[in-house]
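Chains as they are written, first to last, in this note's numbering: chain E, 1 to 772; chain P, 773 to 924.
Honestly, the hints are just simulated from the structure, not real lab data. This structure is a prediction, so every number in the text was calculated from the model and none was measured. A portion of the hints provided could be inaccurate.
The list that follows gives simulated cross-link-like pairs (lysine-lysine, DSS-like), each with its CA atoms no further than 25 Å apart [to be verified]:
| hint | chain 1 | residue 1 | chain 2 | residue 2 |
| --- | --- | --- | --- | --- |
| 1 | P | Lys893 | E | Lys648 |
| 2 | E | Lys107 | P | Lys804 |
| 3 | P | Lys804 | E | Lys662 |
| 4 | P | Lys914 | E | Lys648 |
| 5 | P | Lys804 | E | Lys108 |
| 6 | E | Lys146 | E | Lys114 |
| 7 | P | Lys853 | E | Lys503 |
| 8 | P | Lys917 | E | Lys648 |
| 9 | P | Lys859 | E | Lys6 |
| 10 | P | Lys859 | E | Lys662 |
| 11 | E | Lys6 | E | Lys163 |
| 12 | P | Lys914 | E | Lys662 |
| 13 | P | Lys893 | E | Lys440 |
| 14 | P | Lys917 | E | Lys503 |
To give a feel for the contact side, a few chain P residues facing chain E, derived at Cβ under 7 Å [as the list claims (entries may be wrong)]:
| hint | residue |
| --- | --- |
| 15 | Thr777 |
| 16 | Asn781 |
| 17 | Leu805 |
| 18 | Thr808 |
| 19 | Gly809 |
| 20 | Trp829 |
| 21 | Phe861 |
| 22 | Phe867 |
| 23 | Gln868 |
| 24 | Tyr871 |
| 25 | Thr873 |
| 26 | Ser874 |
| 27 | Glu900 |
| 28 | Arg905 |
| 29 | Cys906 |
| 30 | Tyr909 |
For every residue, glycine included, the Cβ atom is placed at its ideal position computed from N, Cα and C.
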Amino acid sequence: MDVIGKSVIRKESFDKVTGRARFTHDFHTTPMFSGHKVISPYGHARIIEMDLEEAKKVHGVRTILAGEHFPLTGEAIRDRPPIAVDKVRYHGETVALVVADTPFQAKKAADLIKIKYELLPVVNSPTDALQQNAPLVHPNLGHYQKEKGENPVPGTNIASHIKIRKGNMEKGWSESETIVEASFSFAPSDHVAMETRCATAEILPDGNIYITTSSQAPFMVKQLIAAYFHEDIGKIIVDTPLVGGAYGGKASVQLEILAYLASKAVGGKPVKVLNSREEDMITSPGHIGLDATVKFGAGHDGLIKVAEIQYLWDGGAYSDKATDLTRAGATDCTGPYNIENLKCDSYCMYTNHPYPAPFRGFSHSELSFAIERTMDILAEKLQMDPLELRRQNAILPGHMTPTRVRLNKSNIGRLPKCIDRIKELIQWDDGKIVEINDRKFHVKGISCSWKTSTIDAFAPSGVILTFNRDGSINLISGVIEIGTGTKTVLAQILAERLKMDVKNIHVRMNVDTQTTPEHWKTVASRGTFMNGKAVLMAAEDIIRQLKEIASCVLRAPKEDLEVADSRVFLRDDPSIGLHFKEIGYGYQYPNGNAVGGQIIGRGNYILRRMTRLDPETGEGQPGPEWTVGAYGVEVEFDRKDYTYRLLKAAAVIDIGTVLNEKAAKGQVMGAMSIGLAFAGRETFYFDELGRVLNPQLRTYRPLRYGENPEYLVDFILTKQLDAPYGARGVGEHGLLGMPGALGNALSTAAGVSLHHLPLIPELIWRTKEAKG
Amino acid sequence: MRSHTIVLNVNGEIHMVTVRSADTLLFVLRSKLGLTGAKPGCLNGDCGACTVNVDGWPMKSCLMLAIEAVGKKITTIEGLKDTPIQKAFIDDFAFQCGYCTSGFIMNCHSLIEQHPDADEKMIEEWLESNICRCTGYAEIQKAVKSVLDQKK
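So here's chain E without its partners, still in its complex pose (with noise of 0.2 Å):
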């Protein structure tokens, strides 16, 4: 292999380091109008009057939208109304957008809307919607529009309820001698992407709706804003320059659909909606919160015989993903642990919350938390070393997913050999707890994820590649480059395919929905496995296009030609043949005569055998594999202050295939990072209001330079047979395992069981005098 693996540099690398790359927010027409939002200030409260006289006055303001009933939006449910009417269910929800000629006029105006407030009674967490008389964020839950499959339950605050049974309950306790349970819980926080959500939106004369956008999901931007306004799907172009990271944050549709509104307003005029920071907070859609109870059986021996698990999923004020990302955290609800007898409750709670988009890891890392400690308590009242009890109890080929999907040696990566390998990154065998001084000690904690992707069965991913004169190749998808690489990595498996050089390969990095094949969403680390298959689809079909016309030019028959560096030739003579230049283009004889044509190659890919889950057992097919990861943090701990540094974090991940080395490791840093802050430090405090107290980067602080560990990474290679070079997702996992690693090795250094994020020396100190 000549490219694959390798450390190819991005494909827009000089754009990024010289100023060049531009993102959504760079792209300004004039004339082109601001919009401005203005944001509930509570959590929940009857909207009393709106006064909107002062705000009119203000010179350059063209339109204000507030008070109107449009469509009702939502992705599974259509719950939300684009704009808050008689009602707000959330801090930071918009409840006016003022359309002005500058953003500063555009602010002024807003500033002066006066609203009146009734405050009504807050729900505050998922377990407080869940009691009996919580008060209803949707009285009219049982008659809004919905998906099939979406089941919420009229008259409470319940927006979907997955069950997974498996098993029998009876005989799985019957066989346990000893018996664990506990409550985990974290509040909402955010992605905090650098750049914030941006939209722009302009409708012209013919009817043509053009939208720019920073998202993760142009696709679905167009087939919601169809579906909900009744437009042509095909009259919405929806374009995606770069996109200043995105986490999952960017794959809900939220401002194109302000930004077409206002637009809509002022006869069609480009309108931009940008986000602040703040707004980027609370008013858009953030990271999920949950509550858990989680109770495991075992033997003696460590064998777990049962578990018994409710997640209580905080969805905020509308459900928009959250009833999805609800049934991905039943998908998968036990981590990578072999149980036979299993009853998941997962619930999608109502709550006056901001409300989640996709995060990283799609429920993944938030349950992996509370079994993860689990799995840690368990070990200390079976007196067994965590990290055998996990590789005793690890899933493996042949045995059954929660979802009863039987595993085998291609659809699973391979869990003991990622848990041998971080033993020895770690040096677990050293001892747990190494003492400095009077003061710190070193302490280290453990867990391990897996994850399978969840997304719409339904979902394309396509690929066009065209020629250009010279020969070199166009490479056009709908994945977006988010951050992660994937349009180089894609580049790096059409270049192996066609053994030719990758610089001679150009990839599109802007994608728009009218010329770019859709790849349904960039999510779920499903960039890689999906295109790359439509990528190597497409390179068979200019394959049999550029030999079919060198056979004819060569006068040989097509099976006696090979492709490689930008020619096709004969086999057993390869000074015989023809460079791409002479042929990508079709081929011209010395007279004149031109055969061909240029040459287009096209491919797509749709996931295969998916299915919905079954209502009363979960049973179905939820993704195509699972990619499995064991990790390790070490922490130097100050037994006086309870405050700790972060030295080391460990991941192994089975990754099937390392198609370019630098950028996987990236993607498994970035995402460790991303994971300790979560785990560490990173929530929204609320009032009794429901308000969120931080929404600024100096009171809610992601890691900064030098806060980092060192990073452990590596990788384990079982191939997934029917993926790109046997390439398995990656783009999420590193942050899978930190906060039950953080969290366990924490526990450990405090002597006491924590059991809520974030993880700050206040919660250890807490936890501490609560136990006395």
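We have chain E; now place chain P onto it with these hints.
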């Protein structure tokens, strides 16, 4: 609000622009001069994505008014060409999405110019003012250290 016609020296070029009193340097660079390399990330100095170089020092351009920049030498990411730190960022994969990259490179570049002998502690003091959400910082550490090592 009052407008002013001012002269700015950006990347060695002299520009005459009309600005409002309240316009930040970031806003003017981006919307009046078309220099969109400096990025808005938070508009209150927390994230560093808008970092430019003013008279040799890193400056968060969201915290400086355009009128304060008169008479100063401003360098933006667009003014850097083939510098060692840009090359190191590419070779070490020190960016993913690229949104924080301009600010990080301008900060690193200023550090390398001002303190070619910077030690680990000083690097950290300088670079902790910028947030990168994609990389986890290991590659940025490698890139900036490799350039400083070449200087030693």
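Do the hints match the structure? See the list:
Between Lys893 (chain P) and Lys648 (chain E), the direct Cα distance comes to roughly 19 Å. Compliance with the 25 Å bound is thereby established for this hinted pair. About 20 Å separates the Cα atoms of Lys107 (chain E) and Lys804 (chain P), which keeps this hinted pair within 25 Å; it holds. For the hint pairing Lys804 (chain P) with Lys662 (chain E), the CA-to-CA distance comes to about 38 Å; that exceeds 25 Å, so the pair is violated. Straight-line distance between C-alpha atoms of Lys914 (chain P) and Lys648 (chain E) comes to about 16 Å, which keeps the hinted pair within the 25 Å bound.
Taking the CA atoms of Lys804 (chain P) and Lys108 (chain E), the gap is about 21 Å. The hint holds against a cut of 25 Å. Proposed proximity of Lys146 (chain E) and Lys114 (chain E) is contradicted: the alpha carbons are some 34 Å apart, above 25 Å. For the hint pairing Lys853 (chain P) with Lys503 (chain E), the CA-to-CA distance comes to about 22 Å; that is within 25 Å, so the pair holds. For the suggested pair Lys917 (chain P) and Lys648 (chain E), the alpha carbons sit about 20 Å apart, so the restraint of at most 25 Å is met.
For the proposed pair Lys859 (chain P) and Lys6 (chain E), the alpha carbon gap of about 18 Å is at most 25 Å, so the pair holds. A distance of roughly 16 Å separates the Cα atoms of Lys859 (chain P) and Lys662 (chain E); the hinted pair therefore holds under the 25 Å criterion. Taking the CA atoms of Lys6 (chain E) and Lys163 (chain E), the gap is near 44 Å; set against the 25 Å cutoff, the hint is violated. For the suggested pair Lys914 (chain P) and Lys662 (chain E), the alpha carbons sit about 13 Å apart, so the restraint of at most 25 Å is met.
Between the alpha carbons of Lys893 (chain P) and Lys440 (chain E) the distance comes to roughly 21 Å, so the proposed pair stays at or under 25 Å and holds. For the given pair, Lys917 (chain P) sits about 29 Å from Lys503 (chain E) by alpha-carbon distance, which is inconsistent with the 25 Å threshold. Interface hint status for Thr777 (chain P): violated, as the beta-carbon distance to the closest one in chain E is roughly 18 Å, over 7 Å. For the restraint placing Asn781 (chain P) at the interface with chain E, the shortest Cβ-Cβ distance is roughly 18 Å, beyond the 7 Å limit, so the hint is violated.
Annotation: Leu805 (chain P) was flagged as interfacial toward chain E, and the flag is violated, the nearest CB pair being 12 Å apart, outside 7 Å. Evaluation of the Thr808 (chain P) hint against chain E yields a held restraint, the C-beta minimum of about 4 Å falling below 7 Å. Taken as an interface hint, Gly809 (chain P) checks out: its beta carbon lies about 2 Å from the nearest beta carbon of chain E, inside 7 Å. Among the interface hints, the one on Trp829 (chain P) is violated; its C-beta lies about 18 Å from the nearest C-beta in chain E, farther than the 7 Å criterion.
At its closest, the beta carbon of Phe861 (chain P) sits 5 Å from a beta carbon of chain E; the interface hint therefore holds under the 7 Å criterion. For Phe867 (chain P), the shortest C-beta to C-beta distance to chain E is roughly 6 Å, which falls under 7 Å, so the interface hint holds. At a threshold of 7 Å, the smallest CB-CB gap from Gln868 (chain P) to chain E is about 4 Å, leaving the interface hint in force. A cut of 7 Å between beta carbons decides the hint on Tyr871 (chain P): the least distance to chain E is about 3 Å, and the hint holds.
The interface hint given for Thr873 (chain P) is met, as the beta carbon of that residue sits about 5 Å from the closest beta carbon of chain E, less than 7 Å. The beta carbon of Ser874 (chain P) comes within 5 Å of a beta carbon in chain E, closer than 7 Å, and the hint placing it at the interface holds. Among the interface hints, the one on Glu900 (chain P) holds; its C-beta lies about 5 Å from the nearest C-beta in chain E, closer than the 7 Å criterion. At about 5 Å, the closest approach between the beta carbon of Arg905 (chain P) and any beta carbon in chain E falls short of 7 Å, and the interface hint on this residue holds.
A least Cβ separation of about 5 Å between Cys906 (chain P) and chain E falls short of the 7 Å threshold, and the interface hint therefore holds. Of the supplied interface hints, the one on Tyr909 (chain P) holds, with its beta-carbon coming within about 4 Å of a beta-carbon of chain E, less than 7 Å.
In this structure, the earlier hints numbered 3, 6, 11, 14, 15, 16, 17, 20 are contradicted, and the remaining ones agree with it.
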